[in-house]
Amino acid sequence: MAGHALIEAHLAVLARHLPPDTVDELADGLTETYRRHRDDGVDPDAAARAAIAEFGHPEVILASFTRQAPGRRAALALLGTGPLFAACWGPSLILGRAWTWPISPTATAVFALLLLAVVASLITAATSHHDYRRTRLAAAGGAGLVLLDAAALAAVALAAPVWVWPMALAVPASLARIGLTLRSLPTIVTR
Amino acid sequence: MKAEAQALKGHLDVLLLATLEDGPRHGYAIKEALREGSGGRFDLPTGTVYPALHRLERARLITGSWSTVDGRRRRSYRLTAKGSRQLAADRGSWREFAAAVTALLERRPWPATP
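Those protein sequences? They're chains A and B, same order as listed. So the first sequence is numbered by the working numbering: it starts at 5 and just counts up by one. So the second sequence is numbered by the working numbering: it starts at 483 and just counts up by one.
It is possible that some hints are incorrect.
As the list claims (entries may be wrong) - Residues from chain A that face chain B, not an exhaustive set, calculated with beta carbons under 10 angstroms:
hint : residue
1    : Asp28
2    : Ala31
3    : Arg40
4    : His41
5    : Gly45
6    : Ala55
7    : Leu162
8    : Val166
Unchecked claim - Derived Cβ-Cβ restraints for the label pairs, each shown as a range:
hint : chain 1 : residue 1 : chain 2 : residue 2 : range
9    : B       : Arg567    : A       : Val64     : 29 to 39 angstroms
10   : A       : Thr131    : B       : Ser520    : 44 to 54 angstroms
11   : A       : Ile98     : B       : Leu586    : 54 to 64 angstroms
12   : A       : Pro106    : B       : Arg555    : 36 to 46 angstroms
13   : B       : Gly553    : A       : Phe115    : 51 to 61 angstroms
14   : A       : Ala19     : B       : Ala570    : 13 to 23 angstroms
15   : B       : Ala582    : A       : Thr194    : 36 to 46 angstroms
16   : A       : Gly84     : B       : Arg567    : 39 to 49 angstroms
17   : B       : Ala571    : A       : Leu186    : 48 to 58 angstroms
18   : A       : Thr131    : B       : Arg567    : 47 to 57 angstroms
19   : A       : Val168    : B       : Ala570    : 46 to 56 angstroms
20   : B       : Gly492    : A       : Pro176    : 51 to 61 angstroms
Honestly, the hints are just simulated from the structure, not real lab data. C-beta: ideal position from N, C-alpha, C; glycine also.
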């Protein structure tokens, strides 16, 4: 219990955006600030206003959390390394004559649509500055990327008639990205 | 945020680690330690200290644990071994940097150029 309606309202704004554990922690800090002002003899309303001023406007706090959100950082990392993967997979598909592989047009279209959705969700998460919840889209983008990598690996294993040398870079790169992305997903979802 | 706090940005992490050197503290106590330890010059908005603490925790420089105080959940932080090593390294770097700046800023005759 924070102890004052103004403080409850302040916390309610933060609770709409931040994880419950973080809000509990902020509530403790804000309540401590309020109580210190009360202990100094300040009346409840003035103490609540002073505590909120000292604590910081919700936008300032949310911006601080959003800048460092695991989802935003993961999205930036995945987008930043994207060109490297394109540089590995592009030559693999061209030299391997991927258009001749026995893959249905529907599967190819689904792959392309999923790729677009992944890129869109990662860009949305990476460009979030004040909306912490938006950074969680990185989890969906990351999960989609795992599916895309797995599909690409499956296509190489099952449909490619011959191996070409760029695959020696592309396959380990995708395996590594699958592992790293799966490891970071729980943090993105829970923090 | 006071003007002095702007200068704090590049040094916030090491100062937060330093506030935990004497033992565990919760977020508000850390913010107060920063304010009191700097003679009131570093008076950050309390709410912005928490994201920095979370970042340090993700870097495994500090570790947090929950307790209950007056019916509220409270998260307190303490330095990890990695955090202690980082603090010692950053402190050494800062002393070297500060000594160099002080040496340059102290009033003394500049060497004559040929």
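How the hints compare with the structure:
1. Asp28: holds (4 angstroms)
2. Ala31: holds (7 angstroms)
3. Arg40: holds (8 angstroms)
4. His41: violated (12 angstroms)
5. Gly45: violated (19 angstroms)
6. Ala55: Hint on Ala55/A: holds, closest Cβ of chain B at ~9 angstroms, below 10 angstroms.
7. Leu162: violated (39 angstroms)
8. Val166: With a minimum Cβ separation of about 44 angstroms from chain B (threshold 10 angstroms), the hint on Val166/A is violated.
9. Arg567/B / Val64/A: 29 to 39 angstroms: Roughly 32 angstroms apart at Cβ, these two residues keep to the hinted range, so it holds.
10. Thr131/A / Ser520/B: 44 to 54 angstroms: 35 angstroms Cβ-Cβ, so the 44 to 54 angstroms window is violated.
11. Ile98/A / Leu586/B: 54 to 64 angstroms: Cβ of Ile98/A to Cβ of Leu586/B: about 57 angstroms, so the range 54 to 64 angstroms holds.
12. Pro106/A / Arg555/B: 36 to 46 angstroms: Given about 57 angstroms between the Cβ atoms, the range is violated.
13. Gly553/B / Phe115/A: 51 to 61 angstroms: holds (53 angstroms)
14. Ala19/A / Ala570/B: 13 to 23 angstroms: Violated, since Ala19/A and Ala570/B (Cβ atoms, about 38 angstroms apart) do not stay within the stated range.
15. Ala582/B / Thr194/A: 36 to 46 angstroms: holds (44 angstroms)
16. Gly84/A / Arg567/B: 39 to 49 angstroms: violated (29 angstroms)
17. Ala571/B / Leu186/A: 48 to 58 angstroms: Because 33 angstroms falls outside the window, the suggested range is violated.
18. Thr131/A / Arg567/B: 47 to 57 angstroms: violated (35 angstroms)
19. Val168/A / Ala570/B: 46 to 56 angstroms: holds (51 angstroms)
20. Gly492/B / Pro176/A: 51 to 61 angstroms: violated (37 angstroms)
The structure shown violates the earlier hints numbered 4, 5, 7, 8, 10, 12, 14, 16, 17, 18 and 20.
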